[in-house]
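A.B. asks: If you follow the hints, you should be able to join the two separate chains into one complex; please do so.
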Amino acid sequence: MLHTGLYLFAIILASAVEMVEAMTIVLASGITRGWRSTLEGAGVALVVLAALVGVFGPTLGRIDINILRLVIGTFLLIFGLQWLRKAILRASGYKSQRDEALIFQTETQLLSKGADAVKGRRDPIAFTVSFKGVFLEGMEVIVIVISFGASDGRLGLAALGAGIAALAVGGAGFALAKPLAAVPENTMKLAVGLLLTTFGTFWGAEGAGMEWPLGDIAILLLLALYAVVTFTAIAYLKRSRIATARVAG
Amino acid sequence: MRYFKAFGLFWWDFLIGDTPELAAGACVIILLAALISRSALVAALLVPALVVLLLGVSLQRGRKA
Chain P
274 MLHTGLYLFA
284 IILASAVEMV
294 EAMTIVLASG
304 ITRGWRSTLE
314 GAGVALVVLA
324 ALVGVFGPTL
334 GRIDINILRL
344 VIGTFLLIFG
354 LQWLRKAILR
364 ASGYKSQRDE
374 ALIFQTETQL
384 LSKGADAVKG
394 RRDPIAFTVS
404 FKGVFLEGME
414 VIVIVISFGA
424 SDGRLGLAAL
434 GAGIAALAVG
444 GAGFALAKPL
454 AAVPENTMKL
464 AVGLLLTTFG
474 TFWGAEGAGM
484 EWPLGDIAIL
494 LLLALYAVVT
504 FTAIAYLKRS
514 RIATARVAG
Chain S
3 MRYFKAFGLF
13 WWDFLIGDTP
23 ELAAGACVII
33 LLAALISRSA
43 LVAALLVPAL
53 VVLLLGVSLQ
63 RGRKA
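Residue numbers (my numbering), protein chains in the order written: chain P, 274 to 522; chain S, 3 to 67.
For reference, chain S alone in the conformation it holds in the complex (with noise of 0.2 Å):
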């Protein structure tokens, strides 16, 4: 039990750990892009605008704590 405890630790802290916005703002993005998939050229252009926002939004959550 300890072992799988240390194990999903290890996971959450290596995946969520203080930035959990940033897991949960990557994956929405990602969701987002699976949905507008078929115009090419406006997911080409919103993904990446999406990822600034997301990284501007922690970096500003960053900045206060």
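Looking at chain P on its own, in the form it has when it is part of the complex (with noise of 0.2 Å):
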């Protein structure tokens, strides 16, 4: 229950983070550019996601399950570090936090040249824009999906998962029709990254032929360890940064 409960949440988180990142682009271009063509593209890149999910899908479900893990969980534990990485780092303040309103600006700016000439019309800039935005942001939240899903058998879980996420950054969205700015995008990194290490972890070793001394708790056990470590390193590197900052000033 604990881990389908887990699970579910990780799924969720890491679509929606995805998913805010393709609103951003679409807002931007709907906005700027006419709805029509923007909508087209959101629309067949959509399609096109489903096309691949309809391929791949039944395929993974062919493969042992050992393979699966092995393979899904090594590649869950290297995207996990990533993201635990750059959440890190940015917490600490040695990268730049992500915003989305910023960005939200910059992408209005470029798309706004020459607009008016297009407007009511087909636009290919708009289409391509909004089509690229959801078909790159939506492999990953695809590759994510299909990762947790074939690793333990739940395809169905994983894309209900993905379908929440969906609505909810969907609806908001264009609730608002602006960006979301308000959605705390860094937190919500460093949390995907900590889950997807721990099932990286848990899926990649048990993929090799490793037993967990204590089963699905050692979930648990490791997302602990994880948490500890992560906010232990986000401590020591804002410390450290000042300290530096002290000096050189």
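Source of the hints: derived by calculation from the structure; they are not laboratory data. Nothing here was measured: the structure is a model prediction, and the numbers come from that model. Hints may be right or wrong, so weigh each one.
Derived, one-sided and incomplete: chain P residues facing chain S with beta-carbon distance under 7 Å [unchecked claim]: (1) A481; (2) G488; (3) F504; (4) I507.
Computed cross-link-like contacts, SDA-like style, restricted to lysine to any residue with a CA-CA straight-line distance of at most 25 Å [claimed, not checked]: (5) P/K368 to S/T21; (6) P/K368 to S/V54; (7) P/K462 to P/L375; (8) P/K368 to P/L409; (9) P/K359 to P/M461; (10) P/K405 to S/G10; (11) P/K511 to P/I490; (12) S/K7 to P/P397; (13) P/K368 to S/P22; (14) P/K359 to S/A36; (15) S/K7 to S/E23; (16) S/K66 to P/S365; (17) P/K368 to S/R63; (18) P/K368 to S/K66; (19) P/K462 to P/V344; (20) P/K359 to S/A26.
For glycine and all other residues, C-beta sits at the position ideal for the given N, C-alpha and C.
C.D. replies: Structure representation (structure tokens):
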């Protein structure tokens, strides 16, 4: 039960982070260049993504579960550590925080050039920008959903998690018609990094033939260990950055 | 050809990007887990410790970048 809850939480959070990024691009394109081509671009991207899931989803079901866990666990471990590293460096001030409002402003300025000339007509720029944004961020969502679903043999539950995230982010984005700057994306990225690293370690090692002594409880212990290490690293790096700045000043 | 290149670049950026040490380190850790998988307790202690060490090394690299 706890395992399922944590698993669903990881998928919703990971999908939501990528969807917020796609939403920012779609909104910037729709507001500046018109909604028709923007929505067409986003729609075509969603159809292509659905086709990819339709092709690769059932194929994965036929592969040995241990091989899947080995490959996907390693992949999740790499991806989780990348997110965790980025989130720690951002939280400690070594990397600038992602700002959806600023990204939206920059995208809007870039896209508004020549926008008046195409208002009301089909616009290849709006279509391409929207398609690329939704397709690339959507690919990341699909990789996460298929990875989780295939490793645990619960593709339906993984897809449900992504669906919940899509409804929440899509609904909020269109209702507000502005970037979701209030979403604590950096904090979400840190939580997702912790969860992906935890599941990646657990499944990767299991796929390699290891049996965790406490079974599923090991997931909670891994999560606790990585959380303690993460918050200790943030505190240490923050202090170290301030001390370096003082010496330099 | 352009699409294959773009597909390859997507995966390269997705998995390796500017942190090749994480991709290589994670593969080494999982390989090691396979080698010591018979000693469950040793593996259960060593694998997470190596993951923490790998993150530390990568953070140190990221801090200097």
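A.B. asks: Each hint should be assessed against the structure and marked as holding or not.
C.D. replies: Hints versus structure:
Given the 7 Å rule on beta carbons, the hint for P/A481 holds: about 4 Å separates it from the nearest Cβ of chain S. The beta carbon of P/G488 comes no nearer than 11 Å to any beta carbon in chain S, farther than 7 Å, and the hint placing it at the interface is violated. Nearest Cβ of chain S to the Cβ of P/F504: about 13 Å, over the 7 Å cut. The hint is violated. The interface hint given for P/I507 is violated, since its Cβ lies 10 Å from the closest Cβ of chain S, which is over the 7 Å cut-off.
Proposed proximity of P/K368 and S/T21 is supported: the alpha carbons are some 15 Å apart, at most 25 Å. Only pairs whose Cα atoms come within 25 Å are accepted, and P/K368 paired with S/V54 is accepted, the gap being roughly 20 Å. For the hint pairing P/K462 with P/L375, the CA-to-CA distance comes to about 18 Å; that is within 25 Å, so the pair holds. For the suggested pair P/K368 and P/L409, the alpha carbons sit about 23 Å apart, so the restraint of at most 25 Å is met.
Annotation: proposed proximity of P/K359 to P/M461 holds, straight-line Cα distance about 12 Å (limit 25 Å). Under the criterion of a C-alpha separation no larger than 25 Å, the hint pairing P/K405 with S/G10 is consistent with the structure, at around 16 Å. Of the supplied pair hints, the one linking P/K511 and P/I490 is violated, its CA atoms being roughly 32 Å apart against a limit of 25 Å. Between the alpha carbons of S/K7 and P/P397 the distance comes to roughly 23 Å, so the proposed pair stays at or under 25 Å and holds.
Using a Cα cut-off of 25 Å, the hinted pair P/K368 and S/P22 holds, with the two alpha carbons roughly 18 Å apart. With a CA separation close to 28 Å, the supplied pair P/K359 and S/A36 exceeds the 25 Å bound. Restraint check for S/K7 and S/E23: the C-alpha separation of about 23 Å stays at or below 25 Å, so the hint holds. Only pairs whose Cα atoms come within 25 Å are accepted, and S/K66 paired with P/S365 is accepted, the gap being roughly 13 Å.
Taking the CA atoms of P/K368 and S/R63, the gap is about 13 Å. The hint holds against a cut of 25 Å. Between P/K368 and S/K66 the alpha-carbon distance is near 11 Å, which keeps this suggested pair within the 25 Å criterion. Of the pairs offered as hints, the one joining P/K462 and P/V344 holds, with about 23 Å between alpha carbons and a cut-off of 25 Å not exceeded. The hinted pair formed by P/K359 and S/A26 meets the criterion: a straight-line CA distance of about 17 Å does not exceed 25 Å.
The structure shown violates the earlier hints numbered 2, 3, 4, 11 and 14.
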